[in-house]
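Novice: Here is how the chains run, residue by residue.
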Amino acid sequence: MKYVLLFVGSSEDQDAWEKLPKEQLAAAYERAGKWFEEHSKAGKIVGSAELQGPSTATTVRIKNGKPMVTDGPYIEAKEIVGGFAIVEVKDLDEALAMAKTWPAGAVEVRPVVDHSND
Amino acid sequence: MTAALVRALGDFDLAEEVVQDSLVAALENWPEEGIPDKPGAWLMTTARRRAIDILRRDRRYREKLALLERSDMRSDPTEADDRLRLIFTCCHPALSPEAQVALTLRAVAGFTTAEIASAFLVAEATVAQRIVRAKRKIVDAHIPYRVPEGSDLSGRLDGVLSVLYLMFNEGYLSRGAQVAMRRDLADDALWLTSLVSTLMPDQPEVIGLQALMKLNLARSAARFDSAGEMVLLPDQDRSLWDHSAIADGVALLEWAGAMRASGPYQIQAAIAALHSEAPSWADTDWHQIVVLYDALVRMADSPVVRLNRAVALSHFAAPEIALGEVNDLAIALSGYHLFHATRADLLDQLGEPVLAREARRRALDLCQNPAERSLLERKLRD
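Chains A and B, in that order, are what the protein sequence lines are.
Under numbering that gives the first Met the number 0, the first residue of the first sequence carries the number 0, and numbering increases by one thereafter.
Under numbering that gives the first Met the number 0, the first residue of the second sequence carries the number 0, and numbering increases by one thereafter.
Hints in this document: simulated from the structure, not taken from any laboratory.
All residues carry an ideal CB built from backbone N, CA and C; glycine is no exception.
Don't take each hint at face value.
Claimed, not checked - Cross-link-like lysine-lysine pairs, in silico, DSSO-like; alpha carbons within 30 Å at most:
| # | chain 1 | residue 1 | chain 2 | residue 2 |
| --- | --- | --- | --- | --- |
| 1 | A | LYS1 | A | LYS99 |
| 2 | B | LYS134 | A | LYS43 |
| 3 | A | LYS21 | A | LYS77 |
| 4 | A | LYS89 | A | LYS33 |
| 5 | B | LYS134 | A | LYS99 |
| 6 | A | LYS43 | A | LYS99 |
| 7 | A | LYS77 | A | LYS89 |
| 8 | B | LYS378 | A | LYS77 |
| 9 | A | LYS99 | B | LYS136 |
| 10 | B | LYS134 | A | LYS1 |
| 11 | A | LYS89 | B | LYS378 |
| 12 | A | LYS1 | A | LYS43 |
| 13 | B | LYS37 | A | LYS89 |
| 14 | A | LYS40 | A | LYS1 |
| 15 | A | LYS43 | B | LYS37 |
| 16 | A | LYS77 | A | LYS40 |
| 17 | A | LYS40 | A | LYS89 |
| 18 | A | LYS21 | A | LYS40 |
| 19 | A | LYS77 | A | LYS1 |
| 20 | B | LYS378 | A | LYS1 |
Stated by the list, open to error - Computed spacing ranges between beta-carbons, pair by pair:
| # | chain 1 | residue 1 | chain 2 | residue 2 | range |
| --- | --- | --- | --- | --- | --- |
| 21 | B | GLU16 | A | MET67 | 28 to 38 Å |
| 22 | A | LYS89 | B | ASP157 | 20 to 30 Å |
| 23 | A | GLU37 | B | ASP157 | 51 to 61 Å |
| 24 | B | ILE320 | A | GLU107 | 20 to 30 Å |
| 25 | A | GLU11 | B | ASP234 | 51 to 61 Å |
| 26 | B | GLN287 | A | LYS18 | 29 to 39 Å |
| 27 | B | ALA250 | A | LEU19 | 49 to 59 Å |
| 28 | B | GLN128 | A | GLU107 | 18 to 28 Å |
| 29 | A | GLU37 | B | ASP151 | 14 to 24 Å |
| 30 | B | ALA257 | A | GLU37 | 36 to 46 Å |
| 31 | A | LYS40 | B | ILE51 | 16 to 26 Å |
Please construct the entire structure, taking both the sequences and the accompanying hints into account.
Specialist: Written out as C-alpha cells, the structure is:
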C-alpha cells in the first residue's frame, strides 16, 4: 500500500526555518536525514524530494478554458508543502507510525491511487 | 457475530444483511422448534448459509464466496476478538469523532441510522452520509482491522473510551420524558463499555468508565419527577436509587483500584461512588470529594473539572472562596451554561439576588436541554 507523506508547515514555520543559524539548520537536516536512512533501510521509502521554497513556485490553472500561469504556489501562502516521501507499507497505521516520528513539522498522509488494474 | 462475518466477507453491508435475516429466521423458527442449545451457533450457521445463498446468486461476489467457504469460523474466542477489532477500527483516529460515534453505534451496537439521528439530533441523511464516508475511508486509506499493539494501544484505547463516554453523556443528559420508540443510548454505552472491559480485563480505566456509567445510571429513577421535570442531586429521593447497581459500581471500582493504576475515569467514578453511598446530601463527604478533584486536576486538568471542584469546595469553605475560584474561570467558561448557573447559586448564598438573577438569565441563554431550561426558568420565577 503506497502513501505520500506530505511535509507541511505554516508560513511562520517557513520563516523560522530560513532564519535558523547554520549549526541548528545542519542539525535539523541531520535529524531528517536519519529519519530517511532508518526507513530506507526498512525498505519503506519509494521516493522523496525536498522542495525549494514557495517563492520559487509557479502555478498553472485553467481560467475561462485557457491555461493561465501565475507566480506562487497553488494553496494560500499560509500553508506550505516543504517536501514529500512516497512510502510502501502494510497499512495506514504503519504510515502513521512513520509520520509520527518525522522530526520537522506536520505531515499529511494520503493513499496513492492504485492504477495497476486499469 | 456481525464482526466475525465482516472479517470473513470483507463487506459491512452484506454482513449486516445476513445477520438481520438470521434473526428473522430465528423469530420464525424458534417459537415452533424451541430455542436451540447453542443459539449463537445456530444464528451463525444460518447467517453463513444465507450469505452463501446471496453470494451464489450474485456473480460479482465470486471471490468472496471462496473466502467464506474457506474461512475458519469458529465462534466464541474469535468472535470476542472480532468484536474488539471492530470497536477499535470504528474508533480509529483517522475517522472524524462524529463518524467514530455513528459507526460504532451502527456496526457494534446495531443502531439504525434513524436511531442514531434521533439520539444526536441530526438529520438521518447526515448520519447515513457520515457512515458511508467512514466506511469508504476505511477501505480507501487501508485502515487496518485489528486491535492496536504495544505503544499504540493506550492512546487508541483512550480514543475508544472517549467515544463511549460521549455516547453515554448524550444519552444520560438528554434523557427527559421517555419517548416510546427511542433506543436507550446511555444503557447501550454501558453495555459497550462492559463488552470492552470483558475483552480487556487488565485495563483499569475501562473498568473505571464502566463503574462511572453504572453509578450514574443507578440514580436514573430519581432524576425526573412525575411531571418530567428535572430533579437535581440535592433534592433526589435516594430511596429511588438502584442500590444493587450502586453496589455493583463500587465493586467494579474496587476491582480497578486493585490494579494500582489510577486514571481520570476511575477518579470520576470514585466521586460518583461517594455521592451514591452518602445517605443524604448533607452527609456527603465533601472533603474527600475535593481531594479527588485535586487528583483529577493533576491528571486531567480542564476548566470544567475546576468548576466542579469549586462546587464541592463551596460545601465547606466560605461561598466567597468558592465564588473566587469560579470567577477565575470566567474567560474559559463564558459560553458554558453551568458556569453561569453555578455563579447564580453561589451569589444566592452570598445574599446577592439581583446578580444571581442576571447570572441565571445568562445560563438560560446558553442552555439547550429542555429539562435544564425548565429548571432554570423555575428558579427565576421563585
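Novice: All hints are to be evaluated individually against the structure, with a verdict given for each.
Specialist: These are the hints, each one checked on the structure:
1. A:LYS1 with A:LYS99: Judged against 30 Å, a Cα distance of about 17 Å means the pair holds.
2. B:LYS134 with A:LYS43: Cα-Cα ~27 Å, so holds.
3. A:LYS21 with A:LYS77: OK: LYS21 of chain A and LYS77 of chain A at ~25 Å, within 30 Å.
4. A:LYS89 with A:LYS33: Within the cut-off at roughly 22 Å; holds.
5. B:LYS134 with A:LYS99: Given that 30 Å is the threshold and the Cα spacing comes to 24 Å, the pair holds.
6. A:LYS43 with A:LYS99: Between LYS43 of chain A and LYS99 of chain A the Cα gap is close to 15 Å, so the pair holds against 30 Å.
7. A:LYS77 with A:LYS89: Distance ~33 Å between LYS77 of chain A and LYS89 of chain A Cα, so the pair is violated.
8. B:LYS378 with A:LYS77: violated, 50 Å
9. A:LYS99 with B:LYS136: holds, 20 Å
10. B:LYS134 with A:LYS1: holds, 19 Å
11. A:LYS89 with B:LYS378: Distance ~60 Å between LYS89 of chain A and LYS378 of chain B Cα, so the pair is violated.
12. A:LYS1 with A:LYS43: The given pair, whose Cα atoms are some 9 Å apart, holds under the 30 Å limit.
13. B:LYS37 with A:LYS89: Distance of about 38 Å is beyond 30 Å: violated.
14. A:LYS40 with A:LYS1: It holds: about 17 Å lies between the C-alpha atoms, which stays within 30 Å.
15. A:LYS43 with B:LYS37: Violated, because 47 Å separates the two Cα atoms, which is more than 30 Å.
16. A:LYS77 with A:LYS40: Given pair LYS77 of chain A, LYS40 of chain A is violated - Cα atoms ~34 Å apart, limit 30 Å.
17. A:LYS40 with A:LYS89: holds, 16 Å
18. A:LYS21 with A:LYS40: holds, 28 Å
19. A:LYS77 with A:LYS1: holds, 28 Å
20. B:LYS378 with A:LYS1: Outside the cut-off at roughly 61 Å; violated.
21. B:GLU16 with A:MET67: 28 to 38 Å: violated, 50 Å
22. A:LYS89 with B:ASP157: 20 to 30 Å: Between LYS89 of chain A and ASP157 of chain B, where Cβ atoms are some 24 Å apart, the hint holds.
23. A:GLU37 with B:ASP157: 51 to 61 Å: violated, 27 Å
24. B:ILE320 with A:GLU107: 20 to 30 Å: Violated: the Cβ-Cβ distance is about 49 Å, outside 20 to 30 Å.
25. A:GLU11 with B:ASP234: 51 to 61 Å: holds, 53 Å
26. B:GLN287 with A:LYS18: 29 to 39 Å: Distance hint for GLN287 of chain B, LYS18 of chain A is violated at roughly 54 Å.
27. B:ALA250 with A:LEU19: 49 to 59 Å: Given about 58 Å between the Cβ atoms, the range holds.
28. B:GLN128 with A:GLU107: 18 to 28 Å: holds, 23 Å
29. A:GLU37 with B:ASP151: 14 to 24 Å: Holds - the Cβ-Cβ distance for GLU37 of chain A and ASP151 of chain B, about 18 Å, lies within 14 to 24 Å.
30. B:ALA257 with A:GLU37: 36 to 46 Å: Cβ of ALA257 of chain B to Cβ of GLU37 of chain A: about 41 Å, so the range 36 to 46 Å holds.
31. A:LYS40 with B:ILE51: 16 to 26 Å: Distance hint for LYS40 of chain A, ILE51 of chain B is violated at roughly 46 Å.
Violated hints, listed in ascending order, are 7, 8, 11, 13, 15, 16, 20, 21, 23, 24, 26, 31; each of the other numbered hints is respected by the structure.
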